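Engineer: Fit chain to chain and form the complex, with the hints in mind.
Protein sequences, first through last, are from chains A and B.
Counting from 1, one number per residue, gives the positions in the first sequence under my numbering.
Counting from 1001, one number per residue, gives the positions in the second sequence under my numbering.
Hints in this document: simulated from the structure, not taken from any laboratory.
If you're wondering where the values come from, they're calculated on a predicted model, not measured in any experiment.
The beta carbon of each residue, even a glycine, is placed where N, CA and C say it ideally should be.
Keep in mind that a hint or two might mislead.
As the list claims (entries may be wrong) - Some chain A residues near chain B, calculated using beta-carbon distances under 8 Å:
#: 1; residue: Leu85
#: 2; residue: Ile89
#: 3; residue: Val185
Claimed, not checked - In silico contact screen, one side only, chain A against chain B (beta carbon under 8 Å); selected entries:
#: 4; residue: Gly35
#: 5; residue: Glu174
#: 6; residue: Leu179
#: 7; residue: Met255
#: 8; residue: Phe259
#: 9; residue: Leu333
#: 10; residue: Val349
To be verified - Heads up, simulated SDA-like pairs for lysine to any residue below, C-alpha to C-alpha not over 25 Å straight-line:
#: 11; chain 1: A; residue 1: Lys338; chain 2: B; residue 2: Val1101
#: 12; chain 1: A; residue 1: Lys157; chain 2: B; residue 2: Pro1053
#: 13; chain 1: A; residue 1: Lys83; chain 2: B; residue 2: Ala1018
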Amino acid sequence: MFDFSIVTTWFDSLLRETLGLGDFLSILIECVLVGVFILAAYAMLAIVLIFMERKVCAYFQCRLGPMRVGPWGVFQVFADVLKMLQKEIFFVDKADKLLYLVAPFLVLIASVGTFSFMPWNKGAGILDFNVGIFLLTAISSIGVVGVFLAGWGSNNKYSVVSAMRGAVQMISYEMSLCLCLITAVVLTGTMQISGIVEAQSGPFGWLVFQGHIPAIIAFIVFLVAGNAEANRGPFDLPEAESELTAGYHTEYSGMGFGFFYLAEYLNMFVIAGVATTVFLGGWMPIHIGVAGVDSFMDCIPGIVWFLGKAFLLVWVLLWIRWSFPRLRIDQILKLEWKYLMPLSLINLVLMTVIVALGWYIK
Amino acid sequence: MYFILLLTVLVTAIVLVAAAYVIAKLIGPRSYNKVKGEPFECGIPTRGSSWLPMSVGYYLFAILFLMFDVETVFLYPWAVVVKEFGAMALLSIGFFLLVLVFGLAYAWRKGALEWK
Chain A
1 MFDFSIVTTW
11 FDSLLRETLG
21 LGDFLSILIE
31 CVLVGVFILA
41 AYAMLAIVLI
51 FMERKVCAYF
61 QCRLGPMRVG
71 PWGVFQVFAD
81 VLKMLQKEIF
91 FVDKADKLLY
101 LVAPFLVLIA
111 SVGTFSFMPW
121 NKGAGILDFN
131 VGIFLLTAIS
141 SIGVVGVFLA
151 GWGSNNKYSV
161 VSAMRGAVQM
171 ISYEMSLCLC
181 LITAVVLTGT
191 MQISGIVEAQ
201 SGPFGWLVFQ
211 GHIPAIIAFI
221 VFLVAGNAEA
231 NRGPFDLPEA
241 ESELTAGYHT
251 EYSGMGFGFF
261 YLAEYLNMFV
271 IAGVATTVFL
281 GGWMPIHIGV
291 AGVDSFMDCI
301 PGIVWFLGKA
311 FLLVWVLLWI
321 RWSFPRLRID
331 QILKLEWKYL
341 MPLSLINLVL
351 MTVIVALGWY
361 IK
Chain B
1001 MYFILLLTVL
1011 VTAIVLVAAA
1021 YVIAKLIGPR
1031 SYNKVKGEPF
1041 ECGIPTRGSS
1051 WLPMSVGYYL
1061 FAILFLMFDV
1071 ETVFLYPWAV
1081 VVKEFGAMAL
1091 LSIGFFLLVL
1101 VFGLAYAWRK
1111 GALEWK
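Extracted from the complex, chain B is given alone in its bound form (with noise of 0.2 Å):
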């Protein structure tokens, strides 16, 4: 039952921006030129590809990211259970968050953390 109500919300979601995209299609206007069609930057031509190499620093926190958001994860299931289990969730979290920790402080001292 909980997987229709989940699929029922996706498929609303879809539905609403679909009807409004074709409500638009039939009541808009529809013209073109060729400088419509052009890419807005006040008023200058776009000089070459718009998909540069960007700055490092994006990515090296995009890797930082994924490090530790998978961390996180686990977290959730042994936060269920920290009321039954008392002190003994937090020993044997206890190494798994100092790992995390130590994660974060290695990043800290290399400079990942500047901006670059």
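Chain A with its partners taken away, still in its complex shape (with noise of 0.2 Å):
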């Protein structure tokens, strides 16, 4: 496999020792460039995602979906991005201003700091610490406080329901989010997303393989639950437009709406990134034992196999929101409280037995 911190080392030295640039200022132009490919690599995958979610939903419905602007209409999303930037940001006037302002903030550090955190290829991930999982679920909650702030600060009925709704939804959902993700540390038994990946290498080595039955059980679970705590598919209850216009965005205008339309989309891929690495091996290729086609599984470099996955995942979350009806308030919360809550706490205590009886595969 290629290793990806070959380059960043070469980097690193090159700035260090053939530039002769102090440690200040080397650090600080390897700080801009980490900043720049974050933003590009998050631009370029929210165009991507926004226009897949269109036409998805457009063949879903038997319709063809954007085809003006461009070919196929590839270039709708950039035509909407400008159309947005042009619009007017203003204020309803008994908005309570500080939060209504802070609040797309909130939701960009909860859903960039998350982006953050995906392992693109061996060596590329960018925040590798060595509590990583529980680092990222710690800052993807703070997602839940700019949903709330957005629908409390802007004063309106709509929205400060919808608020109420998604703050309960993605605190219930963060529960069997969290267990989820717990079962798989017990099996892995490291924190570092690095490690995560590194403990699924071997024949049959990613985790659902690994873990066998709990894994599975873990996955689809993480898979709902992460559905839910994204505020889409059928849980996109607060921002259900048939009942409450636009929810916690109704009185955003321009890139402030726009804000949370990126989060939205930029967490579905979190989450789908997330399942990829924890579950389905991240930038692993699957190996099956025989040299030979584990060695052409290695050629493929490992950004094509997390994207592939990552994608695949996506696609599978599209396919539920555009096949399931919304469900209620009581519906949600009977879901996970009564469900999934109770079956992820079963499924980690059955994933501890098999860990300490050793019936993984190795």
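Structural biologist: Below you can see the structure in the form of structure tokens.
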């Protein structure tokens, strides 16, 4: 496998030794580059995801989707961004101005923060703490605050109802999300993202193979809970457009709305990416223990594996979204607290028993 | 080094939003009238404040979340060492999980999980 850390160490030595820059300057340049990379990847993925959602949803409904702007409508998203940038940003008179202004920042911090944990390739993860998964869930929960403040600060009745719904739904589903990740950590024995991916090497090493029954249950529960956490699919109660116009972002215009929209799509990708990392081996190719096949799989770059798996899961999430009707608030809470949460608790015990007895595929 | 990276990510997110806001402020039109400043409510003027008391159900689930989330956070450090300790890990966390399950069962029995 190509190790991307070769590139980063080469660049670091280029700055420090060949160009003879000091510690501060070289770190500054590297940080700016990392920031630019995050922004570029974030914007590119957002464009791809929004276009994908429109086309996939159109094909699910026997339509063509956007076709006018550019060939097959590929420039539609660019046109939309340009339009949104030109719109005026205004406040509702009685709104809580500070909360109203701060909310998109919080939502984007949660979204970009979790996005930076993605292991794109071997040695290409940006944030790679030894408490990785734990920090990831911590950062993702900032998003709840953003959604709640947006709804509450708007001083609109629809938005306030939506804020309450969003908060209660997102905090509830965080429970089974955490429990599923803990189930995975029990098997990998580390919380570091790169460590989790490394733990899934070897023949049939992906966690869904390695941990068989409990890992598959955790994977499915994670996808369901993640879908609810990203406010998508049958769980899009906070922005139920037929009841609450646009929910918590009713009063946002232009880019204010644009960022909530952007964050929604990127959160979907992050959910798919985390599920890929933790359960489907991240950038790790599939190995079946036959030398020829394994070395062929190793020829495919890690980023292709990662994006391939992540986009497959994104497609599954889109499929779910456009196939199921929206749930009611009591149904959503019942699903979480009476089904998913006990199930993931039992699943955690099951996984611990399997690990303790050594019944997983080594 | 890691905390510099975390800071970089944070600054990136803030710069992204702030830059878009500044661009929108520069090139966007600006106008004001009384009706535009009203909250949207399908064309009807809003009566009273929007910050009304909400159904108690939401708060009940928030309290439940607070309890269980703190307990799940304690599970993380334990999960890392399960592989090393084997069966001992299960025994040592058994009591803790039992309390967690009892808590859920109690809330269920008391009807805290029903939507009101």
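Engineer: The structure should be examined with respect to each hint, and the outcome stated for every one.
Structural biologist: Results for each hint:
Interface restraint check: A:Leu85 against chain B, minimum CB-CB distance 6 Å, threshold 8 Å, status holds. Hint on A:Ile89 holds. Least Cβ distance to chain B is approximately 5 Å, under the 8 Å limit. Interface hint at A:Val185: satisfied, since its Cβ lies 4 Å from the closest Cβ of chain B, which is below the 8 Å cut-off. At its closest, the beta carbon of A:Gly35 sits 4 Å from a beta carbon of chain B; the interface hint therefore holds under the 8 Å criterion.
The restraint placing A:Glu174 at the interface with chain B holds, with a minimum CB-CB distance near 7 Å, inside the 8 Å limit. For A:Leu179, the interface hint holds, since its Cβ comes within 8 Å of a Cβ in chain B; the closest pair sits about 6 Å apart. Interface restraint check for A:Met255: the shortest CB-CB distance to chain B comes to about 4 Å, inside 8 Å, so the restraint holds. This hint holds: A:Phe259 has a C-beta 6 Å from the nearest C-beta of chain B, less than the 8 Å allowed.
Checking A:Leu333 against chain B: minimum C-beta separation of about 6 Å stays under 8 Å; hint holds. The restraint placing A:Val349 at the interface with chain B holds, with a minimum CB-CB distance near 7 Å, inside the 8 Å limit. The suggested pairing of A:Lys338 with B:Val1101 holds, with an alpha-carbon distance near 12 Å, which does not exceed 25 Å. A threshold of 25 Å between alpha carbons decides the hint, and for A:Lys157 with B:Pro1053 the separation of about 11 Å falls inside it, so the pair holds.
Pair hint A:Lys83 plus B:Ala1018 holds up; C-alpha atoms about 18 Å apart against a cutoff of 25 Å.
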